[in-house]
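Participant: Residues per chain, in single letters:
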Amino acid sequence: MLAPPSPVTVEIIVNGTPRRACVEPRTTLVDFLREHLGLTGTHIGCEHGICGACSVLLEGEPVRACCLFALQVEGLSVTTVEGLAPARGELSRLQNAFCEAHALQCGYCTPGMLIACHDLLARNPRPSEEEIREAIGGNLCRCTGYQQIVDAVKLASGQEAAHG
Amino acid sequence: MAEPPRFRYIGQHRRAVEHRRFVTGQGRYAADIALPGLLHVAIVASPHASARILSVDASAALALPGVHAVLTGEDLQPEIEPMLPGVDAPEVRRFPLARDVVRYAGEWVAAVVADSRAIAEDAAELVEVDYAPSPHVVDPEAAIAPGAPLVHPMRGSNVIFRREFVWGPVEEDFAAAAHRLSYRVRWGRSATVPIETFVCTAAWNDATNLLDVWASIQMPKFPDLLARCLRLPGNAVRVHFDVDVGGSYGVKRGLKHAILVGFLARQLGRPVRFLEDRLENMRGGDMQGPDRLFDVTLAFDDKGVIRSMRMRALDDVGAYAGRSPFQLGKPVGAIVGPYTIHSVAYEAISVLTNKTPQEAVRGFGQAPTNYAIETGLDKVARFLGLDRIELRRRNLIPPERFPYLIPSGTLYDSGDYARVLDKALAAAPYAELLRQREALRAQGRLAGIGVSTCLEPSGGNSSFEPLFNPKNTTTTWMDSCLIRVDLNGAVTAVMATSSSGQAHETLVSTVVGEVLQREPDSIRVIHADSLSALPSNSPVGSRMAIMLGGAAAGAAKRIRAKMLRIAAHNLGVAEEALEWREGAAVLRADPTRALSWARLVEIAHREFHNLPPGMEPGLQESFVWEVPGGGGLPTPDGRIQMYPCHSFEAHVVLASVDPETGKVALHRYVVGHDCGVMISPDVVHGMTYGGVAHGLGAALMEKFAYSPEGQLLSGSLMDYLLPSAQEVPPITIVDHCTPSPLTEFGQKGSGEAGYLGGPAAIASAINDALAPLGAALDALPMTPAAIWRTLRAAQMARAATESTREPT
Numbered sequence: 001m002l003a004p005p006s007p008v009t010v011e012i013i014v015n016g017t018p019r020r021a022c023v024e025p026r027t028t029l030v031d032f033l034r035e036h037l038g039l040t041g042t043h044i045g046c047e048h049g050i051c052g053a054c055s056v057l058l059e060g061e062p063v064r065a066c067c068l069f070a071l072q073v074e075g076l077s078v079t080t081v082e083g084l085a086p087a088r089g090e091l092s093r094l095q096n097a098f099c100e101a102h103a104l105q106c107g108y109c110t111p112g113m114l115i116a117c118h119d120l121l122a123r124n125p126r127p128s129e130e131e132i133r134e135a136i137g138g139n140l141c142r143c144t145g146y147q148q149i150v151d152a153v154k155l156a157s158g159q160e161a162a163h164g
Numbered sequence: 001m002a003e004p005p006r007f008r009y010i011g012q013h014r015r016a017v018e019h020r021r022f023v024t025g026q027g028r029y030a031a032d033i034a035l036p037g038l039l040h041v042a043i044v045a046s047p048h049a050s051a052r053i054l055s056v057d058a059s060a061a062l063a064l065p066g067v068h069a070v071l072t073g074e075d076l077q078p079e080i081e082p083m084l085p086g087v088d089a090p091e092v093r094r095f096p097l098a099r100d101v102v103r104y105a106g107e108w109v110a111a112v113v114a115d116s117r118a119i120a121e122d123a124a125e126l127v128e129v130d131y132a133p134s135p136h137v138v139d140p141e142a143a144i145a146p147g148a149p150l151v152h153p154m155r156g157s158n159v160i161f162r163r164e165f166v167w168g169p170v171e172e173d174f175a176a177a178a179h180r181l182s183y184r185v186r187w188g189r190s191a192t193v194p195i196e197t198f199v200c201t202a203a204w205n206d207a208t209n210l211l212d213v214w215a216s217i218q219m220p221k222f223p224d225l226l227a228r229c230l231r232l233p234g235n236a237v238r239v240h241f242d243v244d245v246g247g248s249y250g251v252k253r254g255l256k257h258a259i260l261v262g263f264l265a266r267q268l269g270r271p272v273r274f275l276e277d278r279l280e281n282m283r284g285g286d287m288q289g290p291d292r293l294f295d296v297t298l299a300f301d302d303k304g305v306i307r308s309m310r311m312r313a314l315d316d317v318g319a320y321a322g323r324s325p326f327q328l329g330k331p332v333g334a335i336v337g338p339y340t341i342h343s344v345a346y347e348a349i350s351v352l353t354n355k356t357p358q359e360a361v362r363g364f365g366q367a368p369t370n371y372a373i374e375t376g377l378d379k380v381a382r383f384l385g386l387d388r389i390e391l392r393r394r395n396l397i398p399p400e401r402f403p404y405l406i407p408s409g410t411l412y413d414s415g416d417y418a419r420v421l422d423k424a425l426a427a428a429p430y431a432e433l434l435r436q437r438e439a440l441r442a443q444g445r446l447a448g449i450g451v452s453t454c455l456e457p458s459g460g461n462s463s464f465e466p467l468f469n470p471k472n473t474t475t476t477w478m479d480s481c482l483i484r485v486d487l488n489g490a491v492t493a494v495m496a497t498s499s500s501g502q503a504h505e506t507l508v509s510t511v512v513g514e515v516l517q518r519e520p521d522s523i524r525v526i527h528a529d530s531l532s533a534l535p536s537n538s539p540v541g542s543r544m545a546i547m548l549g550g551a552a553a554g555a556a557k558r559i560r561a562k563m564l565r566i567a568a569h570n571l572g573v574a575e576e577a578l579e580w581r582e583g584a585a586v587l588r589a590d591p592t593r594a595l596s597w598a599r600l601v602e603i604a605h606r607e608f609h610n611l612p613p614g615m616e617p618g619l620q621e622s623f624v625w626e627v628p629g630g631g632g633l634p635t636p637d638g639r640i641q642m643y644p645c646h647s648f649e650a651h652v653v654l655a656s657v658d659p660e661t662g663k664v665a666l667h668r669y670v671v672g673h674d675c676g677v678m679i680s681p682d683v684v685h686g687m688t689y690g691g692v693a694h695g696l697g698a699a700l701m702e703k704f705a706y707s708p709e710g711q712l713l714s715g716s717l718m719d720y721l722l723p724s725a726q727e728v729p730p731i732t733i734v735d736h737c738t739p740s741p742l743t744e745f746g747q748k749g750s751g752e753a754g755y756l757g758g759p760a761a762i763a764s765a766i767n768d769a770l771a772p773l774g775a776a777l778d779a780l781p782m783t784p785a786a787i788w789r790t791l792r793a794a795q796m797a798r799a800a801t802e803s804t805r806e807p808t
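Residue numbers (this note's numbering), protein chains in the order written: chain Z, 1 to 164; chain G, 1 to 808.
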């Protein structure tokens, strides 16, 4: 077996701040965020692009951080769950709605779910139930049965949602 | 009937206190524990279902830069104690790493430790293992046939547990019945498959001789078992219960993971983490669920009243067993479902095969049994030409008969089953479902309505342990809570287990707030570690609303009682003259005379001279609660009080099947649910929605499929399919409340809600859809392919019948 290639320095703009680390070239974006930047809000679920737990925004578009190398996004802008709140100690409208509508239980899929829903609301401020279900169709949740997530997105978009 | 009691905080909408950290990415899961010098583990797994290990050569792996160690079963096994089954089968010994023999494809053979997970995985590929494949068996019926290859030859049989119970006059009831009907159903091998895999991080300290463990677990007695297997005293293992667990629903036991990681951390003197990848989780995580064949015969009269049942359940537990055979024991406590069945013969058989071991799954074996019973109800209705709902009404236990003793010895605490069913039907509404079914049929789709009425036993007491193992004398499964009020008057409650999404911090703070009349959001709830904790049996068996809720209430009541005693002493009045109002002690006859919360705290913490004589200073109280009703050993014929409380769910579903593809769509889903008083309604509803979705997966999509060679064919989320938001339909929950007479606030458990009746109802709907074609399917999951094959077979059979009718 060949020795692993030399580490490379990667710089990514994470949640608005340039962040740099020296990593093996094969380091995935999710490992870069979690292990090298200490941003553990982005979770690892399947590592083959199905569950969506590792979703982040790349230049505003949702992507699977387990299926990208950190090196591939050199110089680009990444938003993680830690970057969704408007300010420290505050919650975004969507985060607030997730709390209010009990849209989570164990919290493990939640960061990816928030990324998917954040992206949906950015594109479509008043989505229908069908559009919400389609938008989160690539994010698996084992706790909620999705109902209260749909309710939360409706709530965040100013639409009436059945309670609990 | 008495109105449910009124509460101030209990039963109200309240944001779960856990949510804020999760929505901001501040949860702290086992994989988030960053320790200096952390090393990582990768596994070398067996590619064979059954083989002898001839040699393991780790030299190439060890030569790779960044690799610290390669551990084999040969190295590990002599240093630790085996994990043993809960039933009396000491020959079935399990170790984290196999030695000499592997018994399933995916079994761990060696562990590689390296600077990073990637290097460990590279090195794992360099470990050379020579195997000599040996005969294997993957079918449970073949495994109990004479001459089958033995999974554990020392055992002498592949049967790890078998017992036949007879409760009541089965022979007489069968002889007296007008009709008998026999059928077979199969529950497929699925599991809960949390999005977080198992993770364990451990660190050993040479100076203190202490092993610190952060693990993604939900397991009763985990710290004690871990210490025993590692040959350490219990006080040398500290399991941190303050890690957030990313879903479990039963399966997150992870004992072998923690034994391995704990051993490595101690051996290497470095902190070690093992984070399973998805394939490792699916094939080697030992977390697959029940895989059961039921053969059932029902005896009933012309009106469809079922008098007696014979049930044989054959469950494939895979190559090793921990608590899995007990999953045939828990249903003993609800073996007649919600029905007045008078006598039962039940044969429970757990069989070993060369497959990944079975672990606890939501409901602990009750969902498959409910599915088997409900299928029978539908078949009886069809046989007699009766409506399935009417048939259920004729068999449901009526409300006036509670508490109700079932033939197998369990007393059902309370219920109003027909009323919950009525509420679900009204919410559908049922007449509209009938109309829609006809409309769908008119469009050329196969359409059906499904109904199930199922029990949800709760307040887990583990009574199946002595029932299934005469050497086991377990009769208590307590839980506990410790409450402290500090000098500034703030309340902290300490619980003794980790949580995997059940919002226990919300539960405890709501209950403590209710008793003390303090704002729940001001109460902090923390998770102790195993060395600072009072006893707990973990959040299994739908027990925490009952057990942790009961313990928290008990401790809070002791705090309140102490404060009232201090107040009585200082006001110079009898305690009985006082009442607790808004967190203060108030003289009932003259509310201007009172001692405030702050003043009572001040006295307790600072003023010994104002304490009643003999009173301990400070404000801290603990409470250890036994499962309501207490524990007892079984009778010789196997009657026992299983779980104390009995929630109930009635599901009504409208489904359609595409006749061309076999694909199912759910058009309407209603579940009527009665779990007594709900402490946190949002949490209960969330679990119920999730349980229905999980049940949908088990009914239609999820299966650990094996090839005849014993290879797992569905080891990724691309072939083991989890329901997404596009498969799970909108769900309507209709609440009903029959308080439990056994619990503090009238609450019952609800952690398994939705899952216990969902698969039965969905299967019922599909069979209603298939019935006009003369087709029936009695095996889960009802995948499009399985439905299509059933339709095809029915079509062929019809064609054959028609051709024989043609004139010659």
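Keep in mind the hints are simulated off the structure, nothing from the lab. Just so you know, not all the hints are guaranteed correct.
[What the hints assert, rightly or not] Residues of chain G placed beyond 10 Å of chain Z at every Cβ, according to the derived structure:
| id | residue |
| --- | --- |
| 1 | Glu196 |
| 2 | Gly572 |
| 3 | Gln726 |
[Unchecked claim] Which residues of chain Z face chain G? A few of them, derived with a C-beta cut under 8 Å, are:
| id | residue |
| --- | --- |
| 4 | His36 |
| 5 | Gly38 |
| 6 | Cys51 |
| 7 | Leu76 |
| 8 | Ala85 |
| 9 | Leu91 |
| 10 | Glu100 |
| 11 | Gly107 |
| 12 | Asp119 |
| 13 | Leu121 |
| 14 | Gly145 |
C-beta: ideal position from N, C-alpha, C; glycine also.
Participant: Each hint needs a verdict: does it hold in this structure or not?
Facilitator: Evaluation of the provided hints:
At roughly 5 Å, the least C-beta separation between Glu196(G) and chain Z is not larger than 10 Å, which violates its mark as non-interface. At the 10 Å boundary, the C-beta of Gly572(G) stays outside the reach of chain Z, the nearest C-beta of that chain being 47 Å off. For Gln726(G), the non-interface assignment is contradicted: its Cβ lies about 5 Å from the closest Cβ of chain Z, within the 10 Å cut-off. With 8 Å as the threshold, the beta carbon of His36(Z) stays out of range of chain G, its nearest partner Cβ sitting at about 11 Å, so the hint is violated.
Hint on Gly38(Z) holds. Least Cβ distance to chain G is approximately 7 Å, under the 8 Å limit. With a cut of 8 Å, the hint placing Cys51(Z) at the interface with chain G holds, because the nearest CB-to-CB distance is about 6 Å. Here the hint on Leu76(Z) is broken, as its CB sits about 20 Å from the closest CB of chain G, past 8 Å. The interface hint given for Ala85(Z) is met, as the beta carbon of that residue sits about 6 Å from the closest beta carbon of chain G, less than 8 Å.
Interface restraint check: Leu91(Z) against chain G, minimum CB-CB distance 7 Å, threshold 8 Å, status holds. Because the beta carbon of Glu100(Z) sits about 6 Å from the nearest beta carbon in chain G, less than 8 Å, this interface hint is met. Interface hint at Gly107(Z): satisfied, since its Cβ lies 3 Å from the closest Cβ of chain G, which is below the 8 Å cut-off. Look at Asp119(Z): its Cβ only gets to about 15 Å from chain G, farther than 8 Å, so that hint breaks.
The criterion of a C-beta within 8 Å of any C-beta in chain G is not met by Leu121(Z), whose closest approach is roughly 15 Å, and the hint is violated. Hint status for Gly145(Z): holds, given a least beta-carbon distance of 3 Å to chain G, under 8 Å.
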